[in-house]
Each structure stands twice: as C-alpha cells, then as structure tokens.
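Number of protein chains: 2
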Amino acid sequence: MKFGGTSVADLERIRRVARLVAAERERGHAVAVVVSAMAGKTNELVAWTDGAGPAAPGLPASDDEYDVVVASGEQVTAGLLAMVLRNMGVMAKSFLGWQTPILTDEAHGTARIEDIVPDKLLATLDAGEVAVLAGFQGVTPGGRITTLGRGGSDTSAVAIAAALQAIRCDIYTDVDGVYTTDPRIESKARRLARISYEEMLEMASLGAKVLQTRSVELAMAYRTPVRVLSSFVEPGEAQSDTGTIVCDEEDIMEKRIVSGVAFSRDEAKVTLFGLPDTPGVSSKIFSRLADGNVNVDMIVQSKARTSDTANMAFTVGRRDAGRALEIMRAGKSDIGFSEVTIDDDVAKVSVVGVGMRSHAGVAQTMFKALADKGVNIQVISTSEIKISVLIEAAYTELAVRALHQAYGLDQL
Amino acid sequence: MKFGGTSVADLERIRRVARLVAAERERGHAVAVVVSAMAGKTNELVAWTDGAGPAAPGLPASDDEYDVVVASGEQVTAGLLAMVLRNMGVMAKSFLGWQTPILTDEAHGTARIEDIVPDKLLATLDAGEVAVLAGFQGVTPGGRITTLGRGGSDTSAVAIAAALQAIRCDIYTDVDGVYTTDPRIESKARRLARISYEEMLEMASLGAKVLQTRSVELAMAYRTPVRVLSSFVEPGEAQSDTGTIVCDEEDIMEKRIVSGVAFSRDEAKVTLFGLPDTPGVSSKIFSRLADGNVNVDMIVQSKARTSDTANMAFTVGRRDAGRALEIMRAGKSDIGFSEVTIDDDVAKVSVVGVGMRSHAGVAQTMFKALADKGVNIQVISTSEIKISVLIEAAYTELAVRALHQAYGLDQL
Numbered sequence: 000m001k002f003g004g005t006s007v008a009d010l011e012r013i014r015r016v017a018r019l020v021a022a023e024r025e026r027g028h029a030v031a032v033v034v035s036a037m038a039g040k041t042n043e044l045v046a047w048t049d050g051a052g053p054a055a056p057g058l059p060a061s062d063d064e065y066d067v068v069v070a071s072g073e074q075v076t077a078g079l080l081a082m083v084l085r086n087m088g089v090m091a092k093s094f095l096g097w098q099t100p101i102l103t104d105e106a107h108g109t110a111r112i113e114d115i116v117p118d119k120l121l122a123t124l125d126a127g128e129v130a131v132l133a134g135f136q137g138v139t140p141g142g143r144i145t146t147l148g149r150g151g152s153d154t155s156a157v158a159i160a161a162a163l164q165a166i167r168c169d170i171y172t173d174v175d176g177v178y179t180t181d182p183r184i185e186s187k188a189r190r191l192a193r194i195s196y197e198e199m200l201e202m203a204s205l206g207a208k209v210l211q212t213r214s215v216e217l218a219m220a221y222r223t224p225v226r227v228l229s230s231f232v233e234p235g236e237a238q239s240d241t242g243t244i245v246c247d248e249e250d251i252m253e254k255r256i257v258s259g260v261a262f263s264r265d266e267a268k269v270t271l272f273g274l275p276d277t278p279g280v281s282s283k284i285f286s287r288l289a290d291g292n293v294n295v296d297m298i299v300q301s302k303a304r305t306s307d308t309a310n311m312a313f314t315v316g317r318r319d320a321g322r323a324l325e326i327m328r329a330g331k332s333d334i335g336f337s338e339v340t341i342d343d344d345v346a347k348v349s350v351v352g353v354g355m356r357s358h359a360g361v362a363q364t365m366f367k368a369l370a371d372k373g374v375n376i377q378v379i380s381t382s383e384i385k386i387s388v389l390i391e392a393a394y395t396e397l398a399v400r401a402l403h404q405a406y407g408l409d410q411l
Numbered sequence: 000m001k002f003g004g005t006s007v008a009d010l011e012r013i014r015r016v017a018r019l020v021a022a023e024r025e026r027g028h029a030v031a032v033v034v035s036a037m038a039g040k041t042n043e044l045v046a047w048t049d050g051a052g053p054a055a056p057g058l059p060a061s062d063d064e065y066d067v068v069v070a071s072g073e074q075v076t077a078g079l080l081a082m083v084l085r086n087m088g089v090m091a092k093s094f095l096g097w098q099t100p101i102l103t104d105e106a107h108g109t110a111r112i113e114d115i116v117p118d119k120l121l122a123t124l125d126a127g128e129v130a131v132l133a134g135f136q137g138v139t140p141g142g143r144i145t146t147l148g149r150g151g152s153d154t155s156a157v158a159i160a161a162a163l164q165a166i167r168c169d170i171y172t173d174v175d176g177v178y179t180t181d182p183r184i185e186s187k188a189r190r191l192a193r194i195s196y197e198e199m200l201e202m203a204s205l206g207a208k209v210l211q212t213r214s215v216e217l218a219m220a221y222r223t224p225v226r227v228l229s230s231f232v233e234p235g236e237a238q239s240d241t242g243t244i245v246c247d248e249e250d251i252m253e254k255r256i257v258s259g260v261a262f263s264r265d266e267a268k269v270t271l272f273g274l275p276d277t278p279g280v281s282s283k284i285f286s287r288l289a290d291g292n293v294n295v296d297m298i299v300q301s302k303a304r305t306s307d308t309a310n311m312a313f314t315v316g317r318r319d320a321g322r323a324l325e326i327m328r329a330g331k332s333d334i335g336f337s338e339v340t341i342d343d344d345v346a347k348v349s350v351v352g353v354g355m356r357s358h359a360g361v362a363q364t365m366f367k368a369l370a371d372k373g374v375n376i377q378v379i380s381t382s383e384i385k386i387s388v389l390i391e392a393a394y395t396e397l398a399v400r401a402l403h404q405a406y407g408l409d410q411l
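Residue numbers (numbering that gives the first Met the number 0), protein chains in the order written: chain Y, 0 to 411; chain R, 0 to 411.
Everything labelled a hint here was simulated from the structure, so no lab data went into it. Since the structure is predicted, the reported quantities are computational estimates derived from the model, not experimental observations. Heads up, a few of these hints could be off.
Which copy is meant is left open, because identical chains are indistinguishable; a pair holds if it fits in one copy or across any two.
Here are the simulated SDA-like cross-link-like pairs (lysine to any residue), alpha carbons at most 20 Å apart as the crow flies [as the list claims (entries may be wrong)]:
id, residue 1, residue 2
1, K40, D9
2, K372, R111
3, K40, L10
4, K208, T109
5, K372, E233
6, K119, P59
With the rest of the complex left out, here is chain Y (with noise of 0.2 Å):
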C-alpha cells in the first residue's frame, strides 16, 4: 500500500491511511505500506536547500546533502504512521532506505533501485507486524542517502512489491483510478477498471499524472500489478473492483481499440527557416541538442514548394525551451538556417491503446473528428500503441471532448 502527500498530510489523515491499512490485515494480508512526506514538507525542504545555494566552484555538487536534509521529512511520516498503528493496536515498525536498505546508484536527487534487500522485511511480516516504509529514498553501497526524485514514492513502492513478490501494489492517491480522459475537462470520462503496462506508460508519459513513468516501467519489468485508488475511499469499501488495475495485457478481458486521451501543456515547438536541403543537417540540429541535455519529442520536416530550403520543427519540454533556443543560435552558422522561432502556445492531444496494432483506420478517426471540429494539426507522431498530435494550446479541451466522443470511450 503506498500513500502519498495529501493522503498523510496531517495526523488525522494519517490515522485515517492506519484504518485502512488495519483493514488490510484484517482481510488477512501481509502488509508493507509505503508514505510520502506529509504535503507541503518536501517543498518546505527544498527551498531550505535552495536557500543554502549551490556548492562554490571547485567543490563536489550539494546533492549527497540536499538528500539528507529532503529524505527527512519520509521519515517523519514513516515514524508517526507507526506510532499511530500501534495506538490502534496495530504492531508496526518503521524502515528508512538505509535500514531495509534500498540499494541505489550514486545519482543523488535522481537515484535509481539497484538492489532492494527484502529479508528484514520479509522477517517483520513474518512477525505479523506491518512494515512502514519511508518512500523516495535509498542508500548507496557506501551508505549515504539518496532521494530518486520528486514523485519518487510510487517507484519505491512498487519496487519494494516486486522484491517482496507482492499479489499486488496498491497506489492510494487523490484520484479514485485511471480514467479514459481527465474527468475534470470531459464529464463523461470513465474510469478504467483494468489497464496494460504500455498503454499506462503512454498515458503517464504523455502527461496523465497518475503514477511515475519509472513505476510504470517497473512494474511491467517484474510483472507486478498496480492497483490504483482513492485514499478517501472507506476501510471496508477497498474491494477487488476499486479503482483501476494495471496489468499484464492479457489479463484484460474487454478488448478495446482506444483506451484513453491524454494531453499535455508542457511543450514547446522550435522550428527552424531556410535550412540546406542536404544529408546531415537533421544530425547536427539533434545531436547539439542531445549534448546539451534536451529530450526532443516530435519532429517534422518540410520542404519549402519554391526553394532548395527546407523548415524543421521539433517539440521539446517547455522548461527546456529556452536552453533550446540558445543552443540553435551558438550553432545557427554551422547548421545554416537563416531563422528560428519558438512557439509554446501549443498542445499536445494523444490517443493510446493496445488495439490500435490489430485495427486499421484508428488514425483516420482521430484526424476526421479534429477536421470536424476546426482543429488544426501542427505536427504528428506515432507509436504502435499510441497517436498524438501537435495542436494550438486553446484547442485542447475542444479536441480532447471530440477523441473521447470519436473513440466511443463515454460508451465503456
């Protein structure tokens, strides 16, 4: 069971995840629950770090420390959430990375799990006591401890479900499940009671927010399913059926060809004017760029009718955009184009589901429901599993409602 921020922020929450847990046991599982700093903590902490400022020139980066001082407040909750549990006369017993431990590599603030050792664990539940682990964080084989980023609670928690072979790894978080789209711009979206790993990972990448990418991936390396649902739901209620399972493909019955609309505003397009139309311009625009450490999304490429010039377009994140920008100009000569402009009005509208392999035409409906709409579409990219495209930003709800009807996915 893992909690995150708002599900403990304070300590009537916090009694409130310990009844949930209770229930758990009392269904007669063994329990490993997993917690996020209470919420407001970590932003607390980091800009503590922020305000000591980065380390002098000629000095090792701060980041071993900005993880001792931010992996702190997991502790806290760890410590009172079995303090609490033991005061419903639940026995448990707090594990922090270092204790269990929680092998990671050496890239503090970014760590990844190498190894997660499960014996102390594994003898606690033995025990019938409740383990509460302090999520996000681990230890380096020379034991100094490292965070693994923000949102890095669900990837401990299921990481630590894989090591212990865990039935399940359940997500309590503030949305009751995965749905088809954000219920919050299409009042008809619905709520998926089964999901694939790929199609989650689509979802999680293209800016649903539901879990981490790295969980995602996690869980489909070691085939173990993730439940998703809603810390608000009442200790008797959490039943097979709540919330939405992320599974193995074939353990979905309900076939479906879309299964959900993502969307996402963090972007930015970058195009470039009046380049030479020779071999080898697309690898110096991208490997500058792959240098200078910015993720590129998607790309297109045209050809201007009346010249030998062609124009590029590629997305990239928009906190990234004007790193982007900077490096295309040091570069403007050596690559030749004669102008670049960026552009962060812009949105991009995916849809995503493992049916798409076997079924024609899924594209065809996609671009026929936006044309109907009016929606322009910029650029377009594919995968197997997924399509998306590059729209004007005040398109977005328009065009999300528009897939979701096209798709038949208020029909589920």
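Fit chain R to the supplied structure of chain Y, relying on the hints for placement.
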C-alpha cells in the same frame, strides 16, 4: 564546535555559524561541528508524536518510532550546514548518528552513548573537510535510531570531542559564558574565565542551564576541555579568552572559595507529620519513592518536642510532586504518619566552589547573609563543594543577590 537550536534557527543564522566554522579552519584547526534542530522544529515533531498517541496495551512502547520522527530535526540542520559551508567554499560532509556511527544503548528517548567509532570522521578531517554531525542522536547495535533526550546535543558534542581526542569542545550558545550567577537577577554577575568540571557539574544540576549535566560528566571523565561561548560572537573574535573554559581544577590559576550562586524554582517540599519515632521509617518512605521513580533531593527530619512522634520533610522535582503525594497517601497506614502536605512555593539556592574543601566558615557566611536579609531557611543540604538551602520562593532574588555579595563574587 557545537551550535544549539537558536544558533541555527534559520538560513541566515546557519550562514553565520558557517562563517564561525570557516574562521576556525583559517586558524589552522581541523573542525567537527555538532548541530541541534532548528529552533522550534523539535517541538513541532514532538507535538506530532504526542498526537499519534501511545502504543495500545500489549504492544511495545512507541519510543523507538518517536526517535525516528524527532531525530529528523538534526538531520535537516546537518545537511543544510554542509550545503552552506560548500556554498562558502569550505568542503563539508554531514554525518547522522547511524553513519558515524554513534552507538548507544536501546533506551529510546533517553539513550546513552556507548561507543563512537571515529574512523570515518578522522578520515574526513584528514582530507581537510569539515565533518558536520547531527547532534542528539545515535543508533543501536541493531541499527535502530535513538535520541539522547532533550538537550542531548551537548552530550553528543563532548562525546565526539572525546572520541576525536579534540584539543577542545566549543559549545556555542545564547549566553557568552558561565556566570557567577544569573545576570538577569544580579546585574553585577561576572563571567568566569574558567570553572572546574566539579563546580560546573554542581551548577548544572542546581539549575544553571548553560550545559547539560550529562555532557559535563562526560567531559570530566575524558578530561576534555569544554568552552562555553556566544554564537553571536563575530567570526574573527572567538579568541582564547572568549567565553568560559570548563576544565580540570589544576588548570585554574585563580583560587576562589565560592565560584557561583545557583538557584532553582523547580522544587516542591513534601512534609510528613506525626511519624512514629522508630527505626525503619525512613527506609519505608524512600524505598517507596524510589520504586515510584521519584528522585528525592534534600531531606530533614525533626523530633516534635512535646510528643514521641517526628516530622520529615524532603524535596522532589516539581513535576514529580503529584506522584510523590500519591505514593505517600497509598503508603499512609504502612508508614504510619498522620498527615502529608505539599509546598511548591519554595526555591533552592546554592553556593558552589571547590575552595570550600579547604576553607572553614563558608556555611556560616551563607547563613549570616541570609539571616541579615530576614530569609528563613527551611532545609539545608551540603556536599563537599556546595551548600544548598530551601527557602520561600518569593525570597529567591533577594537571597541570590545577598550571597553574590557576601562571597565577593561581584569583585572578581
């Protein structure tokens, strides 16, 4: 160097602490720093653990989880100070109790340090780096977090100084040294350049709140010189004559009969009337109190002139007064007294000085000075280097000032 909670209350003050550390390094010293939690943080954490409530009957107490929660406060400060030092160009590395390690017994909440393995700290110092240690915490041999009890950071600092065989342990605090008495009560109070371990121990246990008793015991056991000085000193100014050095009696040139006047209002007097004047009565009273974990300080017994019964008065900590009363009432028929009263309108005033060992008339000076001001003495207790009297609380300031003058402490 050790800095308490008010010295690290926010980033501004942590930066100030970092400047003091940097200045000490510039004097050519290798430096280990021990820090408390930011002022107010420990109270916040403790309040949460109070809200979590005690373990249900039949379950182990939650003191171990209390320690997990509360130890996070010092963790934050240690990480932040290491970051600020690096930001100022001084390489630093934080150490939590489990990382050093600082091994303690398993008395969670009030643990005692059993061993400090200095290898990692020494390696850090040898590398020219500052070691920043989280005070107040340790780890059991089984790898669970412990805390040393409130104010335990002083003890951490002295123990670490002893383990490192440091030339000195500087305790930076909100006063600029140890005074002949509390300057808030007697404006003529003088800062002592040096005070012996024995005197400091008496002063600390008699109510002077400059250093924790346990830290002075440790310093005395390991012959570690401790200096008390203000954290508001300017970085360039912390010279050898700043603050007060707590050291061996032999290292103090200037010989005084009395070094200080201490007082405490945390006392309560319990009086038993009409006790049978037979052997074994005292034993019954004090073994019951010991069983109930009530510490008794001063004791006086008096025979009523006109009867064959006796009265007995003793003092306990004010927090324990209610419990002491209950214990006495429960044993009334066994002990055989007729009446018990509690008086917490009392104060204990003490004079302390190693010079008493070789000087007669010290007590006489005290009694005369108090009598001259009309202060009635209720109970007296003495040790080799101190005399304490219990008086009515309203006379506290008057008595302190009279004694300060009587022993010429304003002339130092």
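Hints versus structure:
For the identical chains of this complex, K40 and D9 are neighbours both inside a copy (11 Å) and across copies (16 Å), given an alpha-carbon limit of 20 Å. In this assembly of identical chains, the alpha carbons of K372 and R111 never lie at most 20 Å apart, being 44 Å within a copy and 73 Å across copies at closest. In this homomeric assembly, K40 and L10 come within 20 Å of each other (Cα to Cα) both inside a single copy, at 14 Å, and across copies, at 17 Å. In this homomeric assembly, K208 and T109 come within 20 Å of each other (Cα to Cα) only inside a single copy, at 18 Å, whereas the closest approach across copies is 44 Å.
In the homo-oligomer, the alpha carbons of K372 and E233 never lie at most 20 Å apart, since the shortest distance is 42 Å inside one protomer and 70 Å across protomers. Taking identical chains as interchangeable, the C-alpha atoms of K119 and P59 lie at most 20 Å apart only when they sit on different chains, with a minimum of 18 Å there against 34 Å within one chain.
Comparing the model with each earlier hint shows violations of hints 2 and 5; every other hint is respected.
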